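My request is simple: use the sequences and hints to build the entire structure.
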Amino acid sequence: HILRGSALRLADCDEPEGGEEAPEPFLYQGPLGNRDEMETGFEIQELGLTLMVGKSTVAPGRGLFVALADEAGVDRVELPEGTLFAGYSKVGAWAVSAQGDKAVAYAFEDPDTACVCEKELKPLIEAVATAAGVTENITAGLAGHLIFVDETDTLGVAPDAAWPSGRYFIPQDTPDPADITPANLGMLCNDLAFENGVCDSEEAYLAAALEKDVLHLVWRLAEKDGVLAPTWPLVFVKRSVAFTNREPMEIGISYGFRYWQGVMDAEASAG
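In my numbering, the protein residues as written are 74 to 344.
Keep in mind the hints are simulated off the structure, nothing from the lab. For clarity, every value in this text was computed on a predicted model and none was experimentally measured. Cβ coordinates follow ideal geometry from the N, Cα and C atoms, glycine included. Accuracy of the hints is not assured; some may be wrong.
[As the list claims (entries may be wrong)] Pairwise CB distance ranges (calculated): (1) PRO232 x VAL271: 27 to 35 Å; (2) GLU119 x GLU199: 24 to 32 Å; (3) PHE99 x SER238: 22 to 30 Å; (4) VAL164 x ARG108: 26 to 34 Å; (5) ASN107 x GLY299: 48 to 56 Å; (6) THR227 x GLN172: 31 to 39 Å; (7) ARG108 x ALA213: 48 to 56 Å; (8) GLU193 x GLN172: 30 to 38 Å.
Spelled out as structure tokens, the structure:
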């Protein structure tokens, strides 16, 4: 039978319009791994899946793999957009510049970007406007950012260049498999969409990411000194997806084309 996961999600995620039926979830088909070579794994009962860590099929080092949990009678798991998939890391340091490929930038440029606040997944601007304890002046309600009304009378958000704190969260590495838990599995997930020479434009990257990267990062925010401030990143399902595989498949997360553009620019400068 089919197991359909519940989700911590935005109210309008995947909701059909005009009484239409919801679209069929995308059937995930990722690169296959070898279960016998996995370093560690966890059965996540809420998802109906087993998440495993092993040698990546697309990048040096580790990757995150997914398979159906060993539950009798379940041959398909469906997760709606907005489902909490895993933690990324609660332990790490803040830096003024990115370090390595696991750094997460705390930088919003769209007021409708999803965030987690008060245990709910909601648009950023709604979180700032409604969070308990946040200043009544919404333009000053988000740490490290400016919220403003543009020339079309639309609310906008942008990083504050004068913010003195580090803007990059650098998660603590986990060389020992014993240190890997569901709370930091997300940091072991790779971007499966980027292929140098193929995804050399944002359009090509986004098209590939739609098929290959079903996860994305979402910041958890909490009130601190009258404003919403970052706590740690989480990993969510970015589009409704179904799994039928019993063998581990590597699963992807979007780094974003800006990250890869920086990598390509650095390589061009060095070479």
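Tested hints:
1. A hinted range of 27 to 35 Å holds for the C-beta pair PRO232 and VAL271, which are about 30 Å apart.
2. The hinted window of 24 to 32 Å between GLU119 and GLU199 holds, with their beta carbons roughly 25 Å apart.
3. Judged by the Cβ atoms, the range 22 to 30 Å given for PHE99 and SER238 is violated: they are separated by roughly 38 Å.
4. Range check, VAL164 to ARG108: about 28 Å between beta-carbon atoms, so the 26 to 34 Å window is met.
5. Checked against the hint of 48 to 56 Å, the C-beta distance between ASN107 and GLY299 comes to roughly 51 Å, which is consistent with it.
6. Between THR227 and GLN172 the Cβ separation comes to about 35 Å, which falls inside the hinted range of 31 to 39 Å.
7. For ARG108 and ALA213, the hinted distance range of 48 to 56 Å is satisfied, since their beta carbons lie about 51 Å from each other.
8. For GLU193 and GLN172, the hinted distance range of 30 to 38 Å is satisfied, since their beta carbons lie about 31 Å from each other.
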